[in-house]
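Chains as they are written, first to last, in my numbering: chain A, 1 to 446; chain B, 1001 to 1280; chain C, 2001 to 2297.
Note that these hints are calculated values from the structure, not bench results.
No experiment lies behind these values; they were computed from the predicted model shown.
For every residue, glycine included, the Cβ atom is placed at its ideal position computed from N, Cα and C.
Check each hint, because a few of them may be wrong.
Computed spacing ranges between beta-carbons, pair by pair [said to hold, decoys possible]:
id : chain 1 : residue 1 : chain 2 : residue 2 : range
1  : B       : Lys1170   : C       : Ile2160   : 32 to 42 angstroms
2  : C       : Pro2210   : B       : Lys1007   : 23 to 33 angstroms
3  : C       : Gly2054   : A       : Ser54     : 50 to 60 angstroms
4  : A       : Arg146    : C       : Leu2060   : 31 to 41 angstroms
5  : A       : Asp381    : C       : Val2058   : 51 to 61 angstroms
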Amino acid sequence: MKKIVATLLAMTMLLGLTACGGSQGSGSTGSAGTGSGASSGSSSGTLTVNIWDSNQQAGLQQIADEWSKTSGVTAKIEVVDWDNYWTLLEAGASGGTMPDVFWTHSNTVQLYMDNDVLLKLNDYIDKDDAIDLDNYYEGIVKLYTRADGNVYALPKDHDTIALLYNKAIFDKYGVEYPTADWTWEDMYEAAKAITESSNGEVYGMAMNVSNNQDSWYNIVYDYGACIINDTHDGTTIGSAEGKAAMEMARKLLSVGAPQSVVAETGTESLFKSEKCAMIMQGSWMINSYYTAEHHDDYYWSLIPYADVNGNGQCDSGERYSAYNGLGWAASAATKNPDAAYSLISYFCSKEGQLEQAKLGVTMGGMKGISEEFANAFPGMDVSAFVDIEDYDLFFRPYTRKTTIWEDALQQTGGFLDAWQDPSDPALMEKACDNAQTIIENAIAAE
Amino acid sequence: MESARQKDRINRVIMYVILTIMAFIMLVPFAWMILTAVKTNQEAISVNPFYIFPHSGWHWENFAKVWKSYNFIILYKNTLLMIFFRVVCACLTATMAGYAFGRLNFKGKNLMFSLILVQMMIPSQIFIIPQYLMVSKLGLLNTISGLVFPGIVTAFGTYLLKTGYQGLPKDLEEAAAIDGCNIGQRFLKIMMPLTRSSMVSLGIFTALFAFKDLMWPMIVCTKSETTTLSAGLAKMQGQYGSDYPTMMASAVLAIIPMIVIYMIFQKQFVEGIATSGGKL
Amino acid sequence: MKASNKLSAAAKSEARWGWAFIAPTMLGLFVLNFYPAINTVYQSFCKTGDFGRGNTFVGLANYAAAFSAGETWHSIWNTIKYALIEVPFGVCIALVLAVFLNKKLKGTSVYRTIFFLPMVCAPAAVAMVWKWLYNQQFGLLNNIFHSNVAWISDPHIAWISIGVIGVWSVIGYNMVLFISGLQEIPGDYYEASSIDGATGIRQFFHITVPLLSPTTFFIVQTRVIGALTVFDLMFMVIDKTNIALQNTQSIVYLFYTYAFTNGNKGYGATLVVILVAFIMLVTVIMQQAEKKLVYHA
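Using the sequences and the hints given, assemble the complete structure.
Here it is in C-alpha cells:
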C-alpha cells in the first residue's frame, strides 16, 4: 500500500514537472507558431479524411476503398458536423493536427489558401494525366486558385437548387402542382392558397433564410441584382432590383412558415412531417428525401423564375440557381503528400466523378456527367437539378471573409427584423439598405 | 387537541401533494427522453395523432443502433479515463497540500494559501485560452492527457482537504511524533486515512465536474473518437439534430452510467455535495 | 541557545516537508492558472493573426470594439436575465422542498433521490431533452397544452425557457445544501416556539429563514457566479441559426464563439476579462450585502 502511494506521489511530481516544461515551451504563446511539424496524426499507410455531410459518407468511402485497392493506402472517412468541422480545421491549422485530406468550402477557403496551410497542387496536377482543370466548372476552379496561380483544391462536386413539393398536400387542398413555367408569383399564390385553406395547419411553403444558398439568394439574382459582384468588391442588394427581389422574398415568407418555426425544426423536418407543402432544396439533399418514409409523395420541380419584363415567359437572366462546389484539399503538413494527392486525384478523376454521380452522392465537379446523377435515383425524377443548367447559374457569393457579413446580415441591424415580421414591406426595404452598408463595410475591412 | 391533529394531517397532505407534483415535474423530461428513444422518427414527429407511447412497438433496437454508429464504447472509455486520472491527480495533490496547509507551520505558508484562495475566486474561463494553447503546443490535442490537463491540481480540493485536516485532533500526531515517526510517515500512516470522507467528497466532486464539463473536451478533443460523452452529444446534435429518437437514445446512454453510480453510492454523493458545496 | 538551535532544526525539517507537500499544487497553480490568467489579460490587448500566427499589440482596440458592439451588451444582459431566473427560483423552490423533506415524513429519501437526479446528468444531455420538450412543432409541451408557443425561438420567451431548464437542473443541488444547513439548526428553537403557539409558517419565517441565512447566502453566492458563467444550456439549446440567439446567448457563449469558432483569441480574451471584472464586482457587492443581511446567531 505504502509503495503504491509513494509511486503515485512520485508520478504526481513528475506530472507537475512536465506541466512546468510545457509552460516554458509556450512562453511566447501565440507568436510565430509554425503549424507544421506538430502533425502526428497519420501513420504511413492510412490517410485521415474529414467531411461534414453524413449523407455522403457511405458513398465516398466506397470510392475511397476502390482507390485503396490500387494504392495500398487506407483512407478512413470521418464525418464531423459543420460547426465542429471548422473548429477542428482551425485548431489543426493553428498548430495542431489537420486531417490529411478534407473538404473546403467557399466560406472559408480564402483564409486557408492565404496562410499556406493547404498543400499546393500545381506540380502534381501538371504531372497527372487524369486531371485537366478545363474539364471542371470554372467558378469552382477559380475559387480554389489563389491570385498567384497556386491551386489548393480540386473540384469535388457542384450543386444546384430545385423546388421540392408534396403532391399529397397539393391534392388535399386542390391546388395545381408546380410547373417549369412557375414564376415566384405563382409560387406565392399556391403557398397562400394552401396556408389559408388549411387554416395554418399546413404551411404552403417554408424557407430557411439562414440557409441563403437554397433560399433568398436565388430570388435576388432573378431580379437582376447580386449579393456580391463578379469582381468581389461590391453588392447591389440595396438597389431597386435588389429591393424588388426582397419584396418578393418577403411576400413568400408572409405566407410560409414563420422563421421561429423554421429555425427550430428545420425545413427538412417540417416537410417530412407533412407540415409544409413546398421547400427549396439543394441537390446535396436528394438522398435524404429519396430514402424518406413518404418519398412517393415527393416531387422535384424547376426553381421558379422572375418575369421581370412581364412578357409571360422565362428569358435569359430571369431564372438563376446558385451553385457551389466543394473542393478536395490536403494539409500542407501531411506526412504522406503523394498518397493524399493520389486520393484527391482519384476522387476528381473522370472515374471517381462518374462513380460519385452514379452512387447518387452528388453531381460532379466535372462538367458533362450530370446525366449519370439524374439516373441514380430510380423512381424519383431529379432532372430539375440538371435542367437548370440550360438556364443561368451564379456561383455562391463569397469574399475573403464571407462569414463575417453573412452572419451580420442575419442579425439585428441586418435582415432579422424583416425575417421576423414579413408582413411589413417597409422593414424589408430598410433591411436592404442596411445589407448594402453591412456588405460594403465588411469588404472595406477585409 | 383534536383540531391540532387534524391540522397536522392536512399539513402533511399538502406537503405530500406539493412534493409529488415537483417530483413529477422532475421526472417528466426523463420519461419523455426514454419514450422518444424507443419510437420511430415518424412517430416522434407525428402531431396528429400525437403519441405519448410508441405505437408501432417499442423500438429498443434504437439503442443498439446508436451504440454501434456512434462508438459509445470509445466515448465511455475516454470519459472514464479522464475522470479516473483527474480524480487521482486531484486527490493526491490536494491531500498533500491540504495536510501541509492544515497541520504544518512554515514560512510562506500563509502567502501560498492566500494564492489558493485567490484562485478559487477567479472564474475558470479566464484560464481556458492559454491552457488550450499549451495543450496545443505540447501536442496533446485529442489525447486523454489533454483532457486531464487543467484538472491536475485543484485549489478548491486543497482548501477542502485543509479544512478536513484541521478538524483532526492534535494529540494523534503528537503521539506518533514521540514514537519517532517523521512528518512523511505521520502523514501517510495516521493522518491521511483519517480524512477519507473528505477525499471521497473531493473525488465525487471532481468526477461529477469532469463528467459534466462541456467546453474543455469540445475544444481540445475535436475528433469523435477522442472526445467525452458530453462533447460527443454536442457533436451528434449538430450532425443528426432532427432524428429525435436517435438523439434521445444517445442522451439516455450518456447519462445512464452516472445515474447508476449515483443510485448505488447515493449517501456518499449527497454527503459529498453537502460538504464540498463547491462551484459545480 | 542550544534549545533554539534544536527547535530550528525541527522547524527546518517541517518547512522542508511543508514545501515539498505543497510544491505540486503550487507549481500546478502557477502553470495552469496564474500564468494563464496573466496571459489572457495580455492577449486581450492583442489582435490574433490568422490561425493564431503573429499576435500584434493593439492596445485597447479590442476593448473599444467589445464595448461598442451591441452583442457584448446584449449577451451581458442575457446572462443577467438568466441569473435573475435561475437564482431566485432555484433557491426558493429548493428551500421549500428542503423544509418539507426535513420534516421526517415517510418516503423522503425517494423524493430526495428524484430531486437530486438532474445533478448527476450531463448538462449537454439535459439541454437536448428540454430542447425536444420545447420543440414548437413536435414537442411535448405544445402538444399537451394544445398551444403553439415558440418556446426557444421566440426572442421574448426563449430566455425564460432557458432559465426554467437552469432552475430544474439546480433545485436538487440547492436542496441538499439547504437540508444540511437545516440539520444544524437546534431543535429546541422549534419546540420553544410551538409551545408559544407559533404555526409552521410563522416558524418558517421567524426561525428557519434567519437561522439558515448563512447557508442561503452561500448558495446564492455560488449560484450567482455559476449563473453568470453559464454556457452549456445556451450552447446546446440555441442553434447558430436560431433567431433568438442574440437574445439568449450568454457572455461565455459569445467568448466561446470568438475564441474557438472564429479563432479570434485576442477578442475572446477581451470578452473573458470583461466577464471576470464583472463577476469580481458582483462578488464584492455580495460580500458587502452579506454583512448587512446575514443573521449571525
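A quick look at each hint next to the structure:
no.: 1; hint: B:Lys1170 / C:Ile2160: 32 to 42 angstroms; result: 54 angstroms, violated
no.: 2; hint: C:Pro2210 / B:Lys1007: 23 to 33 angstroms; result: 25 angstroms, holds
no.: 3; hint: C:Gly2054 / A:Ser54: 50 to 60 angstroms; result: 36 angstroms, violated
no.: 4; hint: A:Arg146 / C:Leu2060: 31 to 41 angstroms; result: 35 angstroms, holds
no.: 5; hint: A:Asp381 / C:Val2058: 51 to 61 angstroms; result: 57 angstroms, holds
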